[in-house]
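Letter by letter, the chains look like this.
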Amino acid sequence: MLQRYMSILGRAFINVCFMAVLAIKPLCGNALEQAVDVYASYNASVFQVRIIELGSGSQSSLGTAFLVADGRFMATNYHVVSAKVFEPEKYRIEVEIKGEKLTLDILAVDVVNDLAVLAFQMPPINSALATDQPFVVKQTEPIKQTESIKQTESIKQTESIKQTESIKPIPPSPNLGKGFKLQPKLPEKGTTLYSFGNPHGIGMTVVEGNFNGLVEHRFVEQIHFSGAINPGMSGGPTLDAQSAVVGVNVATAGNQIGFLVPAKALAALLVRTPDSVPTQAQLYASMAEQIEHHTSSMVTEALATPWKISNLKDIQISSSPLTWLECWGDSEHDKKTKTYTISRGCHSGGALFLNQEFNSGFMEYEYLYVEAPTWPSISLYDFMAKQTSQAGPANKGTKKELGHFSCNESEVINSQGTKARVSYCLRAYKQFPNLYDAFYMAVTTDKKQQSLMSHYTLAGVNQVSAQAFLTHFVELAKWL
Amino acid sequence: MAIVVEFINRAGHALAFQRVEANRLLIGRGFNQTVILEDDYVDPSHAEIVLDEQTGDLTCVDLASANGLILEPAIGKKRDIVGAAKFMSGDILVVGRTRLKIFRDNHVVPPARKFSLGYQFAHKYSVWPVFVVLLIALFLLDILVSYLQMPVAESLKLYALQSGYAVLLVFFSGAFWGLIGRTLRGDGRLITHLLMAVTLLLIAQLVGLVLPWLTYHLAWQALSEVLNRLAVGLLGGLFVFLSLRAATKMRRVQTVSVAALIPLGLIITLLINSFGQQDNVNHVPYLKALIAPSVNVRIVIPSSVFVGDTHDLFQKATKNVDSSD
Chain U
1 MLQRYMSILG
11 RAFINVCFMA
21 VLAIKPLCGN
31 ALEQAVDVYA
41 SYNASVFQVR
51 IIELGSGSQS
61 SLGTAFLVAD
71 GRFMATNYHV
81 VSAKVFEPEK
91 YRIEVEIKGE
101 KLTLDILAVD
111 VVNDLAVLAF
121 QMPPINSALA
131 TDQPFVVKQT
141 EPIKQTESIK
151 QTESIKQTES
161 IKQTESIKPI
171 PPSPNLGKGF
181 KLQPKLPEKG
191 TTLYSFGNPH
201 GIGMTVVEGN
211 FNGLVEHRFV
221 EQIHFSGAIN
231 PGMSGGPTLD
241 AQSAVVGVNV
251 ATAGNQIGFL
261 VPAKALAALL
271 VRTPDSVPTQ
281 AQLYASMAEQ
291 IEHHTSSMVT
301 EALATPWKIS
311 NLKDIQISSS
321 PLTWLECWGD
331 SEHDKKTKTY
341 TISRGCHSGG
351 ALFLNQEFNS
361 GFMEYEYLYV
371 EAPTWPSISL
381 YDFMAKQTSQ
391 AGPANKGTKK
401 ELGHFSCNES
411 EVINSQGTKA
421 RVSYCLRAYK
431 QFPNLYDAFY
441 MAVTTDKKQQ
451 SLMSHYTLAG
461 VNQVSAQAFL
471 THFVELAKWL
Chain V
481 MAIVVEFINR
491 AGHALAFQRV
501 EANRLLIGRG
511 FNQTVILEDD
521 YVDPSHAEIV
531 LDEQTGDLTC
541 VDLASANGLI
551 LEPAIGKKRD
561 IVGAAKFMSG
571 DILVVGRTRL
581 KIFRDNHVVP
591 PARKFSLGYQ
601 FAHKYSVWPV
611 FVVLLIALFL
621 LDILVSYLQM
631 PVAESLKLYA
641 LQSGYAVLLV
651 FFSGAFWGLI
661 GRTLRGDGRL
671 ITHLLMAVTL
681 LLIAQLVGLV
691 LPWLTYHLAW
701 QALSEVLNRL
711 AVGLLGGLFV
721 FLSLRAATKM
731 RRVQTVSVAA
741 LIPLGLIITL
751 LINSFGQQDN
761 VNHVPYLKAL
771 IAPSVNVRIV
781 IPSSVFVGDT
791 HDLFQKATKN
801 VDSSD
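So the protein lines, in turn, are chains U and V. Positions 1 to 480 (this note's numbering) are the ones given, in order, by the first sequence. Positions 481 to 805 (this note's numbering) are the ones given, in order, by the second sequence.
Source of the hints: derived by calculation from the structure; they are not laboratory data. Keep in mind that a hint or two might mislead.
No more than 27 Å apart at the CA atoms, straight line, and that leaves these computed lysine-lysine pairs for DSS-like [said to hold, decoys possible]:
| # | chain 1 | residue 1 | chain 2 | residue 2 |
| --- | --- | --- | --- | --- |
| 1 | U | 399 | V | 799 |
| 2 | V | 796 | U | 400 |
| 3 | U | 335 | U | 313 |
| 4 | U | 399 | V | 796 |
| 5 | U | 338 | V | 637 |
| 6 | U | 400 | V | 799 |
| 7 | V | 637 | U | 335 |
| 8 | V | 799 | U | 396 |
With the Cβ distance kept under 10 Å, some of the chain U side facing chain V (calculated, not the full set) [stated by the list, open to error]:
| # | residue |
| --- | --- |
| 9 | 336 |
| 10 | 386 |
| 11 | 397 |
| 12 | 406 |
| 13 | 414 |
| 14 | 443 |
Computed footprint of chain U on chain V, listed as stretches where at least three residues anywhere in the stretch have a Cβ under 8 Å from a Cβ of chain U [claimed, not checked]:
| # | segment |
| --- | --- |
| 15 | 630-644 |
| 16 | 760-773 |
Small disclaimer: the values here were computed from a predicted structure and weren't measured. Where a beta carbon is used, it is the ideal one built from N, C-alpha and C, also for glycine.
Pulled out of the complex, with its shape left as it was, chain U reads as follows (with noise of 0.2 Å):
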């Protein structure tokens, strides 16, 4: 859910940002005499980038891209270019290089660690977009300047473009900025990192804060930086005092606590990114592997660990011990109906960013225990029906990604004994094949005073990861 803080200019921050800066100054005059070195040595490699919608000619988000890979690429956050991913005719990815408005692909995502590989476009000479817009012109010039061989090699693409009008990235020339170097071992706890940004696009900002290590309990590494991140920031750099990047600036959970992507992941990104633009269905598919990745590991992890048997009372149930599920649990005696009722549940955290009316990769389990000694059979049941009859699933999405839920409904008998009324439901997606949100219900329906409520989500799944989770989950239920 981090992600959503970062809904780039979403949500009104207090300027952290400028409150750190002012507390840091007198305390520590050297290092800010590093952040100004690093500032000054990498700034022209760091950019704001625009979510420009076509339609209205206006910014939809903004985010900041640094340059990579020898400034062959720019590098940012996924969530900064999700538009583009699933509209890729309404948006257009923007920069601003001295004047000059430039316009980016997407080479490659990573939707499981927020992040996005860019590439310069160069559009067709003669289509609409190349007349419209004067700074295409002007790019090619830039090339023309530099070394012979890139040249002849531009000129060689320009001819290509004219034949066959398709879009291919070019190079950028070395003037555009220099790459920056990655850093994929973590530094010492405590190091000052330098993070780049433009926060709330109010200009190039750089501020200090410090490594304070991964954060602790998530399926997804992520390093906790404690400096002042805010929306608009989302994608740009946090470096060391060597000014190689240790980490992505990708979210806030407020008060000085940042989040940040670490390196290795951007490393491993850029190693898997392909030297032309991927097609709307390359990009999906790869998408689709990495969250059908993720949520087969996150549930082989889970059923891999044994599940620690606990009681509600009268039944057995086992939950996961695993630290990255985030639990809670609750228990109340009510007098004046003379109920008891425990609930428990955990749940692996954020789900995956997609869009923003999108959202995957997500597991969660849930129990609800009913007691109610002195009420007639039918009142109980009654009352589970209407506990248990607003659940939904985890993960939100549209008409235009997902299909509608098909259910199979029995009254089941698991190996343990327990007789439930179980639902299962699943959907499927309409742009990731194979891959389904599985939806579990179950109430035991054999006392007459007790029943259990046993709920599962799972999200973004493939068939096998679904099966195995159904198969593990049906029969931890037991009666004592």
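Starting from the known structure of chain U, arrange chain V on it as the hints suggest.
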């Protein structure tokens, strides 16, 4: 022999009878006629009806009327009469806008119908005690339903108070429809409407009790939601229809159909709503009803079978995506 003229309305109900002790009679607006009609579309002397003493044949004669004479036989198609025509006892003659059923006086009439049990009951005993019993039943059932929903003894007083609303509703609707009947026909009976209201509310409560059981055993949430709405709509519609019928005796068919539009519209919007909800991809159509183990007769399957059955569900879910494109 004599001829009997029955004045009927367009629904076929008798409005009045006139027995003429003669073998021939004249129909028209004029005061010298045997059967005088108050109808601007009828000539002063419009038609003549002749009964043959020997054969018993009935003949009608159009006396060169402006709007003619139409015969609607009990068997066969209706036709215009040109000049004269024979017809059967019991056929309908349309004179102007007035409808007359013409009989010979020896026309065979079926014997009296037996009183229905309900009628006998209602007349043997006074209906008021029946109504009171039903009202008490409704009151108690309402309390029971509230109690079953949240069985807290301390709240019984509150539930009893809430059941008072149902009782109030019965009296309100009785008064409402009774007033309509009195205004329209001058003979609205309060007790008829009170009985109707109390009976239908009782049925509604009982249906409400049975529906979860039905839903659970049908194991089809979408259908049960529709059933629920249908039950509400149908009972509401039935209530309005019966009340209207009792209040108006259906003499004003147009009014009735306009009134029927309301429950009908209600049912249609409810159906549209329930289908519209299923269009949302975040809506999970799983079975939501639950019933007590003692009345649960669903077939139980082992979990391994259930898991095995879900393989088809993946194909079904994939098909859902393909079909919606």
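Status of each hint after checking the structure:
no.: 1; hint: 399(U) - 799(V); in the structure: holds (14 Å)
no.: 2; hint: 796(V) - 400(U); in the structure: holds (18 Å)
no.: 3; hint: 335(U) - 313(U); in the structure: holds (17 Å)
no.: 4; hint: 399(U) - 796(V); in the structure: holds (17 Å)
no.: 5; hint: 338(U) - 637(V); in the structure: holds (18 Å)
no.: 6; hint: 400(U) - 799(V); in the structure: holds (15 Å)
no.: 7; hint: 637(V) - 335(U); in the structure: holds (18 Å)
no.: 8; hint: 799(V) - 396(U); in the structure: holds (20 Å)
no.: 9; hint: 336; in the structure: holds (6 Å)
no.: 10; hint: 386; in the structure: holds (9 Å)
no.: 11; hint: 397; in the structure: holds (6 Å)
no.: 12; hint: 406; in the structure: holds (4 Å)
no.: 13; hint: 414; in the structure: holds (4 Å)
no.: 14; hint: 443; in the structure: holds (6 Å)
no.: 15; hint: 630-644; in the structure: holds (count 4)
no.: 16; hint: 760-773; in the structure: holds (count 13)
The structure meets every hint from the earlier list without exception.
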